[in-house]
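Line by line, the protein sequences are chains A and B. Start counting the first sequence at 1; every next residue gets the next number (the working numbering). Start counting the second sequence at 1001; every next residue gets the next number (the working numbering).
By construction, these hints were calculated from the structure, which means they are not laboratory data. It cannot be assumed that every hint is accurate.
As the list claims (entries may be wrong) - Computed beta-carbon distance windows for the label pairs:
1) R1023(B) - T275(A): 29 to 37 Å
2) N1024(B) - E298(A): 19 to 27 Å
3) W1033(B) - Q273(A): 55 to 63 Å
4) N1024(B) - E57(A): 54 to 62 Å
5) L1030(B) - P344(A): 28 to 36 Å
6) V38(A) - S1048(B): 40 to 48 Å
7) G91(A) - N1024(B): 35 to 43 Å
8) R17(A) - S1059(B): 26 to 34 Å
9) A8(A) - D1017(B): 17 to 25 Å
10) F11(A) - A1060(B): 45 to 53 Å
11) W1033(B) - S4(A): 49 to 57 Å
12) G351(A) - D1017(B): 40 to 48 Å
13) E16(A) - N1024(B): 41 to 49 Å
14) L1030(B) - A8(A): 52 to 60 Å
Unchecked claim - Okay, the calculated bits of chain B under chain A, using three or more residues with CB under 8 Å as the criterion:
15) 1032-1039
16) 1100-1112
From the three backbone atoms N, C-alpha and C, an ideal C-beta is built for every residue, glycine too.
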Amino acid sequence: MTGSQAAALEFGQAEERLRRLTTALTTRAAIAQTPKQVIWALNKAKLYRYVPVVPAEKRHRVPLLLVFALMNRPDILDLRPGHSFVEFMAGKGYDVYLLDWGRPGLEDRHLKFDDYTLEYMPRAIRKLKAISGSEEFSLLGWCIGAILTTSYAALRPRDGLRNLILLTAPLDFSNKEAITFARWIDPRYFDVEKILAAFGNMPAEMIEYGAKALKPVENYIGNYIRLWDNLDNPQIVEAWHAMHTWVTDNIPMAGATFRQLIVDLYQNNRLMQGTWKLRGERVDVGRIRASLLTVIAEGDHITPACQSESIHKKAGSRDKDLFRSPGGHIGIMAGSGASSQTWPRIDAWLGKRSA
Amino acid sequence: MGDKPKGNPSASDKPFDPLEAWRNMRDATLDAWSKAMVEAVNTEAYASATGAMLDASLSASAPFREALQKSMAQTLQMLNLPTRADFESLAERMTNLEMRLDDIDAKLDGLSGPSRTKAKPRKRKSKPR
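Between the sequences and the hints, there should be enough to build the whole structure, so can you do that?
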């Protein structure tokens, strides 16, 4: 190869790298691509049913409802074709539903955990039962979604809930030393009322900053260096692009819900103390009867393990399992090892209990 | 939320890279810096400082925000245009209507929906729940 040919080759490769870099940083990746239908809607919330890929006679009888956090899009559960938890579970024969909370507007600032748990969820579940034809169902709650599903399971233990899966569940706020967020929102430093008076809802940008500031160097610098170092590898760039699209698509949290999260849970730990009330009903996790699987991320910096361990002891379920998965808060379900570690273990546990 | 999957190409079959030593040094520096920052943000001092900054910015902007909201509402009213409060009221009424529709839908599902089946009973162990 002559010098000019080598230079041309080098130039072509540099151009391709630049194109990949620009695409990854300035465009949105195609995420949440698994075919689905809206089967119910209320206000901003929507219930999706994923188009089954396994014939009805080979499907599990108990449908699975996924409930994600309130301040991020649930697209992380269906990140990209070939690397999607939804696609995986549908392929394993589950009838999969997703409750998407939508983006609250200012008009929704009065929405509380009470409304999500006792107004939206029962209605969505009623529709799920009507569509699936099954009186029983399984719930998977992730992050704040785990607070909602745990509360629902405790308040409506006889509503047909057969299996409850909690992923990186922030339920116990007693160990303030281990929870960085708890330190930040100490009432001496953090005035929740002042924020809500100014904005109505908790702004998405502030939530995003809070999540990223837990690991500032990794999130603001290391993440981009990782992309730069791997520009020659299209698979890694594609995965990075999809994750970046999801990470930067934050949504605000309804003001009244945020107040409950901070005051009732982070500051006063009312759920685990058994003093939390939703619409006047006490949330007693001892009343949970569904089979329970708690999944803890060993490297979770957002929800440390101590926040998820005590529910395993306090829940009233007789059938309980807990497993720890390597990875972080999101990585256990969307990282490169999720499809070989976390997903098969969830399937193995749930499959036996969905007949 | 800020947690990303990691993926590094296999170290085997890599051609000689003169910048590898520099990259290793960079990664080691970043790693040390990252650990130091994770510890720094998990301190009372950081919580106190960020809380004070947030408090100061909210206090400083509050009078302007209130004045802007007030003048905007007055302007919209003078122009016979709906204000934010009007939209919020409408949205609330829409949600109430949706709930009523959902109640009717539930009744219709009860009348004409598919017969629901209970999944096969689980094999219970000897102890009752």
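Here is how each hint holds up against the structure:
1. For R1023(B) paired with T275(A), a C-beta distance near 53 Å fails the hint of 29 to 37 Å.
2. Our hint of 19 to 27 Å for N1024(B) and E298(A) holds, since their Cβ atoms are close to 26 Å apart.
3. For W1033(B) and Q273(A), the hinted distance range of 55 to 63 Å is not satisfied, since their beta carbons lie about 39 Å from each other.
4. A C-beta distance of roughly 56 Å is found between N1024(B) and E57(A), which places it inside the suggested range of 54 to 62 Å.
5. Taking the beta carbon of each, L1030(B) and P344(A) are about 33 Å apart, inside 28 to 36 Å as hinted.
6. Range check, V38(A) to S1048(B): about 46 Å between beta-carbon atoms, so the 40 to 48 Å window is met.
7. Against the hinted window of 35 to 43 Å, the Cβ-Cβ separation of G91(A) and N1024(B) comes to about 40 Å, which satisfies the hint.
8. Between R17(A) and S1059(B), the C-beta spacing of about 47 Å breaks the proposed range 26 to 34 Å.
9. Distance hint for A8(A) and D1017(B): a CB-CB separation of about 22 Å, consistent with the stated range 17 to 25 Å.
10. Between F11(A) and A1060(B) the CB atoms are about 51 Å apart, so this pair conforms to the stated range of 45 to 53 Å.
11. A hinted range of 49 to 57 Å for the beta carbons of W1033(B) and S4(A) is inconsistent with their spacing of about 42 Å.
12. Taking the beta carbon of each, G351(A) and D1017(B) are about 46 Å apart, inside 40 to 48 Å as hinted.
13. Roughly 26 Å separates the CB atoms of E16(A) and N1024(B), a value that falls outside the hinted 41 to 49 Å.
14. Roughly 34 Å separates the CB atoms of L1030(B) and A8(A), a value that falls outside the hinted 52 to 60 Å.
15. Interface restraint, the stretch 1032-1039 of chain B with chain A: holds (4 residues with C-beta to C-beta distance below 8 Å; minimum three).
16. Judged by the Cβ-Cβ criterion of 8 Å, the stretch 1100-1112 of chain B is covered by chain A as claimed, because 4 of its residues qualify and three suffice.
Violated hints, listed in ascending order, are 1, 3, 8, 11, 13 and 14; each of the other numbered hints is respected by the structure.
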